[in-house]
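Q: Sequence:
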Amino acid sequence: MITWMQRHKKYLVITIWISTIAFVGAGFVGWGAYDMNKDRAASVAKVGHRIISVQEFQTAYANHFNYYNNLLGGKLTQEQAEQMGLNKIVMNTLINQNLLLNYADEIGLLATKEDIKDRIKNTPSFQTDGVFNKELYYSILKANRINPNDYENGLEKEILNAKLENFFKLTPSQKEIDLFASAFFMEDHLAISAVTLDTNEVTASEEAIKTYWDKNKSKYLTKKSYTLELLNIPASQTKFDDKTLEEFYAQEKHNYTQPDGKLMSFEEAKPKVIIDLRLKNDKKIALESFLAFKKGEVNASETKVIFDDDTTFPLEKIQVAAKDEVLKPLIVKDNYVIIKMKEIKFPEPMSYELAKKDASRDLLEELKNTTLEKKAQAKLENFTASSDLGFVSRDSVKSIAGLSEAKSAEFLSHVFDNMNKKGYKVIDGKAIVYEVLEQKLLNKDKAKQYVSLISENILQVKQAELNQNLIKKLAAAYKVEQYYKGK
1 MITWMQRHKK
11 YLVITIWIST
21 IAFVGAGFVG
31 WGAYDMNKDR
41 AASVAKVGHR
51 IISVQEFQTA
61 YANHFNYYNN
71 LLGGKLTQEQ
81 AEQMGLNKIV
91 MNTLINQNLL
101 LNYADEIGLL
111 ATKEDIKDRI
121 KNTPSFQTDG
131 VFNKELYYSI
141 LKANRINPND
151 YENGLEKEIL
161 NAKLENFFKL
171 TPSQKEIDLF
181 ASAFFMEDHL
191 AISAVTLDTN
201 EVTASEEAIK
211 TYWDKNKSKY
221 LTKKSYTLEL
231 LNIPASQTKF
241 DDKTLEEFYA
251 QEKHNYTQPD
261 GKLMSFEEAK
271 PKVIIDLRLK
281 NDKKIALESF
291 LAFKKGEVNA
301 SETKVIFDDD
311 TTFPLEKIQV
321 AAKDEVLKPL
331 IVKDNYVIIK
341 MKEIKFPEPM
351 SYELAKKDAS
361 RDLLEELKNT
371 TLEKKAQAKL
381 ENFTASSDLG
391 FVSRDSVKSI
401 AGLSEAKSAE
411 FLSHVFDNMN
421 KKGYKVIDGK
431 AIVYEVLEQK
441 LLNKDKAKQY
451 VSLISENILQ
461 VKQAELNQNL
471 IKKLAAAYKV
481 EQYYKGK
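For the sequence shown, position 139 (counting from the first letter as 1) is numbered 139 according to the UniProt record's numbering, and the numbering increases by one without interruption.
To be clear, the hints were calculated from the coordinates, so they are not data collected in a lab. Because the structure is a prediction, the values reported are computed rather than measured. Just so you know, not all the hints are guaranteed correct.
[Unchecked claim] Quick list of in silico lysine to any residue cross-link-like pairs, SDA-like style, CA-CA up to 20 Å:
#, residue 1, residue 2
1, K446, H189
2, K295, A321
3, K157, N147
4, K374, D198
5, K444, V392
6, K430, N147
7, K444, K430
Could you put together the complete structure from these sequences and hints?
A: Here it is as structure tokens:
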């Protein structure tokens, strides 16, 4: 997983700005070596004349953490983030951002107060029925623990960056459009033949499985587990009348939205409003119970062992807790729970008996792929097609040799990414051997149809190249002082 994340670092471009509201919720970085000089205590670096504050760093870290966490389906842990050097990625991103901002300052680009006001007023999250709602704006920032000045300073940087990008906008030429269109929409006339394995053609003995496991023990680890002592706080039985619920809804209605972002009506939100108001009222009791539990005055309700893939408990809090630490009241299944970290058990190699099933599966998969490759190479030497696909392109949507559309697209991507006239691809339990019979370099109809998409891709490639070279120059022009050194 770490290797995969490191390969995808490049997608965290410098335009992930700190003002995005959606960052709230990810745990912040644990500080490593840090210069505690009192003049620097509120900042992590200085780039040119611009300061990168601790708040900016923490916010950007949460942004990046959420980005990767979403890519991995919510399975990213703080340990994995540390292994991939996420804190260093964040610091480099912020330094690059501020190098560009220094340059924007030097050439006289400005983000005015009016620019910032317009951006805020035109943000849908801050609007009611399409009109800016000042109370909603401050309410959302308060709910996310964001200081309005910090948010608006972040917007100023975001707007300034957008102006700088526009300043360097490089319009694609017709030759560039034709070149990219040829790369995107070239068509190959393909002939193919599928190579498959017979049932039980590949087998693995007990001895072979055990040898494979012995060589690959580090792949087969137990899950990290947490033994938790839980104090469950019973839900209060208070009944609320509609007037009380409507008043609470009016104060918090920005929290009740449909999947498309539209606000729920009171009736639509009512079941959740009842739970939220009850939790608000129960918070005092939960905090009192937390103090009593922490002092040992009350006993846990139950002991539970959970793993890193548990979705019931707030793992982002549990994963960073120390042994014997008592966490402040957390909401689990619409009730408060107080958690004490009793024991942390780190992953360790599985015994052969525990790992046997997975090791057997992986060995068989490896043997099948090896056998398929040998058969495909033999077929390639004396190729006879079993199917003529006609002309296909990267974006062709069709099932090839019984593959799903997604796997067929993967096969076509392999064909167009390789320069050889003949080849094969082992995919989905079979090998597809192919030969390119003819090629068309430019599909003018598709080029016209997707001209805006092509132009946008050209713009992004040129912009990325320009930014990379510009940042190298700016790094030599502006002094960078880094106080936070990371772990």
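Q: Against each hint, give a clear statement of whether it holds in the structure.
A: Cross-check of the supplied hints:
1. Restraint check for K446 and H189: the C-alpha separation of about 17 Å stays at or below 20 Å, so the hint holds.
2. For the suggested pair K295 and A321, the alpha carbons sit about 18 Å apart, so the restraint of at most 20 Å is met.
3. Between K157 and N147 the CA atoms are separated by roughly 16 Å; this keeps the pair inside 20 Å, and the hint holds.
4. With a CA separation close to 14 Å, the supplied pair K374 and D198 stays within the 20 Å bound.
5. Note on K444 and V392: the hinted pairing holds, with a Cα-Cα distance of about 15 Å set against a maximum of 20 Å.
6. Taking the CA atoms of K430 and N147, the gap is near 57 Å; set against the 20 Å cutoff, the hint is violated.
7. Between K444 and K430 the CA atoms are separated by roughly 35 Å; this puts the pair beyond 20 Å, and the hint is violated.
Hint violations for this structure: numbers 6, 7, all remaining hints satisfied.
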